[in-house]
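> Sequence:
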Amino acid sequence: MTQNIFTAMAEQVRAALTALYPDLPADVLARVQVEPPREAAHGDMATNAALVIAKPARLPPAKIAAALVEKLAALPVVEAAEAAGPGFVNLRLKESHLAGQITVMLGAGEAYGDSAIGAGRRVNVEYVSANPTGPMHVGHCRGAVVGDALANLLGKAGFAVTKEYYVNDAGAQVAALGWAAYWRYLRVIEPNLEEWTAEQVEHRFGVTLQYRGDYLVAVGEALAEHHGASLAPQRIEGTPSAAQAAAGVASALELGWFVDRAWLDMARERAVAMMMIAIREDLELLGVTQEVFLSERALVEANATDAAIAALEAKGLLYEGVLEPPKGKTPDDWEPRPQLLFRSTGFGDDVDRPLKKSDGSNTYFANDIACHADKLKRGYDLLIDVWGADHGGYVSRMGAAVKALSDGRVPLEVVLCQIVHVMKAGEPVRMSKRAGTYVTLRDLIEEVGRDAVRFTMLTRKSDAQMEFDLDKVVEQTRENPVFYVQYAHARCRSVLRQAGEPSGAALTAAPLEHLRDKAELDLIRRLISWPRVVEAAAMAREPHRIAFFLHDLAADFHVLWNRGREDSTLRFIREDEPGATAARLALVAATASVIRSGLGVMGVTPVEEMR
RNA sequence: GCGCCCUUAGCUCAGUUGGAUAGAGCAACAGCCUUCUAAGCUGUGGGUCGGUGGUUCGAAUCCACCAGGGCGCGCCA
Numbered sequence: 000m001t002q003n004i005f006t007a008m009a010e011q012v013r014a015a016l017t018a019l020y021p022d023l024p025a026d027v028l029a030r031v032q033v034e035p036p037r038e039a040a041h042g043d044m045a046t047n048a049a050l051v052i053a054k055p056a057r058l059p060p061a062k063i064a065a066a067l068v069e070k071l072a073a074l075p076v077v078e079a080a081e082a083a084g085p086g087f088v089n090l091r092l093k094e095s096h097l098a099g100q101i102t103v104m105l106g107a108g109e110a111y112g113d114s115a116i117g118a119g120r121r122v123n124v125e126y127v128s129a130n131p132t133g134p135m136h137v138g139h140c141r142g143a144v145v146g147d148a149l150a151n152l153l154g155k156a157g158f159a160v161t162k163e164y165y166v167n168d169a170g171a172q173v174a175a176l177g178w179a180a181y182w183r184y185l186r187v188i189e190p191n192l193e194e195w196t197a198e199q200v201e202h203r204f205g206v207t208l209q210y211r212g213d214y215l216v217a218v219g220e221a222l223a224e225h226h227g228a229s230l231a232p233q234r235i236e237g238t239p240s241a242a243q244a245a246a247g248v249a250s251a252l253e254l255g256w257f258v259d260r261a262w263l264d265m266a267r268e269r270a271v272a273m274m275m276i277a278i279r280e281d282l283e284l285l286g287v288t289q290e291v292f293l294s295e296r297a298l299v300e301a302n303a304t305d306a307a308i309a310a311l312e313a314k315g316l317l318y319e320g321v322l323e324p325p326k327g328k329t330p331d332d333w334e335p336r337p338q339l340l341f342r343s344t345g346f347g348d349d350v351d352r353p354l355k356k357s358d359g360s361n362t363y364f365a366n367d368i369a370c371h372a373d374k375l376k377r378g379y380d381l382l383i384d385v386w387g388a389d390h391g392g393y394v395s396r397m398g399a400a401v402k403a404l405s406d407g408r409v410p411l412e413v414v415l416c417q418i419v420h421v422m423k424a425g426e427p428v429r430m431s432k433r434a435g436t437y438v439t440l441r442d443l444i445e446e447v448g449r450d451a452v453r454f455t456m457l458t459r460k461s462d463a464q465m466e467f468d469l470d471k472v473v474e475q476t477r478e479n480p481v482f483y484v485q486y487a488h489a490r491c492r493s494v495l496r497q498a499g500e501p502s503g504a505a506l507t508a509a510p511l512e513h514l515r516d517k518a519e520l521d522l523i524r525r526l527i528s529w530p531r532v533v534e535a536a537a538m539a540r541e542p543h544r545i546a547f548f549l550h551d552l553a554a555d556f557h558v559l560w561n562r563g564r565e566d567s568t569l570r571f572i573r574e575d576e577p578g579a580t581a582a583r584l585a586l587v588a589a590t591a592s593v594i595r596s597g598l599g600v601m602g603v604t605p606v607e608e609m610r
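For the first sequence, counting from 1, position 183 maps to 182 in numbering that gives the first Met the number 0; every step adds exactly one.
Treat each hint with caution, since some may be false.
Said to hold, decoys possible - SDA-like mimics (lysine to any residue), calculated; alpha carbons at most 25 angstroms apart, straight line:
id, residue 1, residue 2
1, 162, 275
2, 93, 525
3, 326, 355
4, 314, 362
5, 93, 82
6, 517, 75
7, 356, 248
8, 517, 554
9, 355, 293
10, 517, 95
11, 423, 470
12, 460, 286
13, 162, 294
14, 93, 40
15, 355, 130
16, 70, 29
17, 356, 333
18, 93, 581
Said to hold, decoys possible - If you anchor each label on the Cβ, the simulated ranges turn out as follows:
id, residue 1, residue 2, range
19, 406, 199, 49 to 57 angstroms
20, 234, 442, 40 to 48 angstroms
21, 79, 288, 46 to 54 angstroms
Simulated from the structure, these hints should not be mistaken for laboratory data. Quantities reported herein were computed from a predicted structural model and do not represent experimental measurements. From the three backbone atoms N, C-alpha and C, an ideal C-beta is built for every residue, glycine too.
Just need the whole structure built from these sequences, with the hints factored in.
Structure, rendered in structure tokens:
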């Protein structure tokens, strides 16, 4: 039993059509839609049925519409039906039926809008997946919010959702992190700091210290605390022993220093562990909680990449080949080279993609295939990844790999998030790691608050660029959608408090026929579209639609509130009219509930009052 | 050079998967508000939906080509 009265009516329309024209094919019936008309004057619902079936039924739309009008007008919930335009049938519902939906809302509470459209399909939503090489910054923020809200949305729409974070704790970047952590460690244990500047360490060990931020100081201290000076580099006289050569870092040995690879591993592991703790704290500040953290390194160590490659090999999808250089932009050091390629062009990709680097190690792509193979092994029906737009060129190859591994059974959908430009008083905030001016996620949340961050990140389509103005998101004006929606909820709560917090039973028993004002009915029409919005947003994977819906809903409520200023008989609480008061309180309670429901999807806390 | 994304009112953006006369906020203009619900309210003006073709009952939406902006293009992740 759906709460979406539009799809419920669509079923009635299909039943009527089948009674009139028994031979209509199923795919034609499936195209029959019932929607809210753009023009309120057209009624509460409109169906395109006559237009859709005109051709298969070989009848003019007007004639079908006329027959349909007769059938639909007889339905108990329908007040009036009429044919209009090129063949639409407009329906006006009985006001008692419209208002009766409030009873449904009050009964369901925040579960109103829950849908079964996902049919329990198991879906994995992977998002954030920031490299564990430092604290989260605003660049990660949008994907975190979009992914989290999308996962919530899918859950509300009846999918069985797993929220996942893929930890890129293997590869060159975390190796660089290990060196940086080791350098910080040296700064703690070596008394003579002039000997261990970043430049000297880089020169001495032939490495680049990519991550010099202060956030690794604590890692160095932790290493010193646990290992004392036992990881300190050793000076080597003469030729290193065979054992040292095997265990140590080659470039360091040439320069007369010995650093055991195992020490670097320890530095790297501790750094990654501490960064992940920091990242998870940041995510918690943002209200993001993911239940699976899948480690790339763990996959590699379990030979999952080899297994994934073998699986593709078994399907005959791998070969040794030479790629053409990209036309018009040949890299300077390009040289044709045979490499292990995945035949992704067989699955819609432009070129085949390499799985091995020239040194024989796996590419990031190969490990990512293992990651997705792992998800497939866990039995999902649908995989969704939320990525930054700069990974857009990666979509088709990953989709190809998932298609190949699942024999086409499991789709991979990728939601791309465009860049966020942080603004302060109309001026862009420059982001520079080196200058230390970049905005961490923590800074952002401390400045404007979690709820403003989350809401604002959902006020644009995810694939559109966005400006995030630190001043505007905390302004308490109508232009600020965060405030506007919160204010509507606070007003609802204020009314209910003043009314002495009526019980659920009292609200449910309200005589709803008192709700007759246009602003009241408009608000009801908005509320009843909530289940439909949830379904449409979930199927489109577009959580931002929830934010826009809430803004519209808030606008309808504010209009109603303002009507009471002009005409005091429209105020919510009227002591001389207990019936109207009860009905309006029910409407207000339903409004507050739907706002809470929507904010819940967005991960935003509704406020009881504005301060 | 190729691929993907984007282009809607002066500005920032929606547009219910192809529906009827394309919407909202800001800005502009006109009126209202001496707190019983004004951290405002009502109304007005504003558009070649980047351009040109095509598909059909119907296109901002789908297809082709073109223009402008963004991202990406073997051994980074």
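> With reference to the structure, classify each hint as holding or not holding.
Right, here's what the structure says about each hint:
1. 162 with 275: 16 angstroms, holds
2. 93 with 525: Roughly 16 angstroms separates the two Cα atoms, so the pair holds.
3. 326 with 355: 22 angstroms, holds
4. 314 with 362: OK: residue 314 and residue 362 at ~20 angstroms, within 25 angstroms.
5. 93 with 82: 18 angstroms, holds
6. 517 with 75: Given pair residue 517, residue 75 holds - Cα atoms ~23 angstroms apart, limit 25 angstroms.
7. 356 with 248: 21 angstroms, holds
8. 517 with 554: 14 angstroms, holds
9. 355 with 293: 22 angstroms, holds
10. 517 with 95: Roughly 14 angstroms between the alpha carbons, so the hint for residue 517 and residue 95 holds.
11. 423 with 470: 6 angstroms, holds
12. 460 with 286: This hinted pair holds, its Cα atoms lying about 21 angstroms apart.
13. 162 with 294: It holds: about 14 angstroms lies between the C-alpha atoms, which stays within 25 angstroms.
14. 93 with 40: 15 angstroms, holds
15. 355 with 130: Between residue 355 and residue 130 the Cα gap is close to 21 angstroms, so the pair holds against 25 angstroms.
16. 70 with 29: 19 angstroms, holds
17. 356 with 333: Holds, because 14 angstroms separates the two Cα atoms, which is no more than 25 angstroms.
18. 93 with 581: 20 angstroms, holds
19. 406 with 199: 49 to 57 angstroms: 55 angstroms, holds
20. 234 with 442: 40 to 48 angstroms: Given range 40 to 48 angstroms: holds, Cβ gap about 42 angstroms.
21. 79 with 288: 46 to 54 angstroms: 49 angstroms, holds
In terms of the numbered hints stated before, the structure departs from none.
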